[in-house]
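Heads up: the sequence lines are chains A and B, in that order.
When you read off a place in the first sequence, starting at 1, and then add 16, the result is the number in our numbering.
When you read off a place in the second sequence, starting at 1, and then add 16, the result is the number in our numbering.
Treat the hints as calculated values from the structure; they're not laboratory data.
Where hints are given, some of them may not hold.
Identical chains share a label here; the pair holds if one copy fits it or two copies do between them.
[Claimed, not checked] In silico lysine-lysine, DSS-like type, Cα no more than 27 Å apart, as pairs:
no.: 1; residue 1: Lys42; residue 2: Lys179
no.: 2; residue 1: Lys179; residue 2: Lys41
no.: 3; residue 1: Lys87; residue 2: Lys276
Chain by chain, the residues:
Protein chains: 2
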Amino acid sequence: MKKIIFLLLLPLLSKSQQDDAAFIKKISNEILQNGQAYQQLKYLTKNIGGRLAGSPSYNKAAQWGLETFKKVGADNAFLQECLVPHWIRGKGDYAYLISEKSKNKKALSMTAIGNSIGSKKEITAPLIFIENYADLEAKREEVKGKIVYYNAAFNATNIRTFKSYGETGTYRVNGPSRAAKYGAVGVVIRSLTEGTDNVPHTGTLHYNDSFPTIPAIAIGLEDADFIAANAKNEHWKISMKTHGKMLPDTINHNVIAELKGTEFPDEYITVGGHLDSWDLCEGAHDDGAGVVQTIEILRTFKALGYQPKHTIRFVLFANEENGTRGGAKYAEEAKAKNEKHIFALESDAGGFTPRGFTFGMSKEKLEKVQEWLSLLKPYGTESLEAGGGGADIGALAKLLGTPVAGFIPDSQRYFDIHHATTDTFESVNKRELLLGAVNMAALIYLVDKYGL
Amino acid sequence: MKKIIFLLLLPLLSKSQQDDAAFIKKISNEILQNGQAYQQLKYLTKNIGGRLAGSPSYNKAAQWGLETFKKVGADNAFLQECLVPHWIRGKGDYAYLISEKSKNKKALSMTAIGNSIGSKKEITAPLIFIENYADLEAKREEVKGKIVYYNAAFNATNIRTFKSYGETGTYRVNGPSRAAKYGAVGVVIRSLTEGTDNVPHTGTLHYNDSFPTIPAIAIGLEDADFIAANAKNEHWKISMKTHGKMLPDTINHNVIAELKGTEFPDEYITVGGHLDSWDLCEGAHDDGAGVVQTIEILRTFKALGYQPKHTIRFVLFANEENGTRGGAKYAEEAKAKNEKHIFALESDAGGFTPRGFTFGMSKEKLEKVQEWLSLLKPYGTESLEAGGGGADIGALAKLLGTPVAGFIPDSQRYFDIHHATTDTFESVNKRELLLGAVNMAALIYLVDKYGL
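Okay, chain A solo, but in the shape it has when bound (with noise of 0.2 Å):
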């Protein structure tokens, strides 16, 4: 009976394989010809723009998100109230270095950090030149009344930049607080970038409760470098003024739209991006792409007539970039609910062309997925590996303990434009972009229709 059993199964697998290869492709296809996705990206970016948090833009763009979530065909289409913080930036900002021989000024290329409290009125203070935590430690006599520059610097040799991010971004995070806590007045970070520009990129900070809350700026590689290469012979003030806020929390909301499950309707696999940007740049890979990925994927099973076994959320989340409290919500409903999740997928690395994903989730799990790699491997995947899935589903994973995977686009690009204002819809490649939807929605096929 078990040699029958053997017999009878191969073929069938063999042929379920082929089935998979060519509804796959027919996804590729129609997302190559007929995707939306590019040009949506081009209305979000252009018409709305940045978006961030508590801002009428981000309201614009939860309309338009569920507006373009119903014109491409979900089952249903809703908005989930969350409350966000409401950061601006205020106008004005500037820096400027002070040479302490020649008494020259130079204005530098910065934005204030993200959450970041402005300084009311200019200060003006000797700049104190660290290299890292341990640097600040080893001088900390000396911070009292200075303003900090950390030079923390992307380590080049890292061949994934993700990797330089989470090694450098703690000087952005909780430098400020650190640098506070020695009675720094104000600090100046290098740009978490590896860029050959003098653009600043902002980001998030938290401060520390225990500590004051000091004004924070990140300045462009060219004049970080020019720091760095004279600190040894040169001692500076540094005269600077910023003016962010902090307001009472605000009311923003999660789009989210249904292809309802034909067979387990109450089982929920979630694939999304964060709708939110930072202010002073369009998103466009941050993460408009993941947002438009999100909706093209939802346009396609469509097109195709696809019919999900599990009902598929697609979801544009609120406020990733400055508290990720959209994330939140989203994973507390779904527990108050009871719900049952048994995937997430989210796209928050840029749309650029694919090259995997990483998965948190079981052993047993991962292994089941890689078998699916020579299903992918055509369009662009080439590692299914462990790691993590992304801030957004997050909560997901530890509230309900849900299965989580994160598109992993090619990396290189990503940082010269991260939280810029040259992340703009001209440095999105539409074909990068869509094929990073082709992989998404391929493998939101596969665990559909095997489960994990």
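Model the placement of chain B on the given structure of chain A, informed by the hints.
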């Protein structure tokens, strides 16, 4: 005895693999930290610019190449003379689409196809819309006295864009003579690209001596889409004037540097790219990238004190674009001198993020190479497949039977800028360019160490 050898060999092999991994990491660190390729590319593209065979700027580029090879420490650097075609574009080319109904004139975004002969005076003739060669054959009686418009478009569903280029390239290369055969007086093609702008793309054609040489141009995709969208309801004339001229052959030079082999000085490994570019662009990806990667590998081997077993030749080939005479000359001279060439590698697919290599060699040799995959994988190489080498090393393969390889970066963005004014320095990402050199240098190192 067998057992003892087995036990001895295992750790040896493992040690050797560890050594290889460590040395390749050194290569990578050296290139990513100290690489000069990006700055060199800036000089080549901005200070020298377009450098078509026969042009004064090609000679400037050759001098720059020779000096740069010497600067980075070549054991030996020299020029190798070769005769090249000498095509000049002339000035004042234009083309208009004239509606037969409204008589409205629409200026077309156009470029003369390389090697094409100018119209001398303005030609005005009815446009005949041709989808492909089958369509041309079907309509051959209607072609006489008309300007053939070939609408053959890239197939968006191809994942690798070189496949699309392979499928449609013939309309640029052979389309003019095939239309002239039936009496066409001019040819217009849809540019060989899938870009999202209206920039026209040049490239070479080959006239068939049996038919008249008629002028030929390429137009931007927005104009092409306009024609295609209205071809059923509209009739047009085209007015065009072009000024291309083929002058007598002239002398250019391949630029060659060597690192002398310590064990097999008379056995050669070649690595190269082509120094010429189309006249209308900076030739940054095509093939400034291959040029500076080639120089970077030499610089890196010298910086690391690597003494190769075989003599490594670093070659900047002349005249790939409209004649491939540089590659032909290099192979002819190698044959005349009875040189032994064990391997040749070319980078001529752009300075994009690495994805692998293709190989033109025996199955046995390819299998040997494929064992190195795990050593290259950390740097972006995901596949080592059978396939071609490159246009410039094709003659080596043909005349000497040399095993050849082509560096394969990601292809999604290549044809957006290929042979167009948009192939600029700014379209190249520094880390992507350098990572290409890392993977190429690692492959050269492995071939040098283990032979083929």
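Hints versus structure:
Only between protomers do Lys42 and Lys179 lie at most 27 Å apart by alpha-carbon distance; the minimum there is 19 Å, versus 35 Å within a single protomer. Proximity of Lys179 to Lys41 under the C-alpha cut-off of 27 Å is restricted to the inter-copy arrangement: shortest distance 16 Å between copies versus 33 Å within a copy. With identical chains, the CA atoms of Lys87 and Lys276 are at most 27 Å apart within one copy only, with a shortest distance of 17 Å there and 66 Å across copies.
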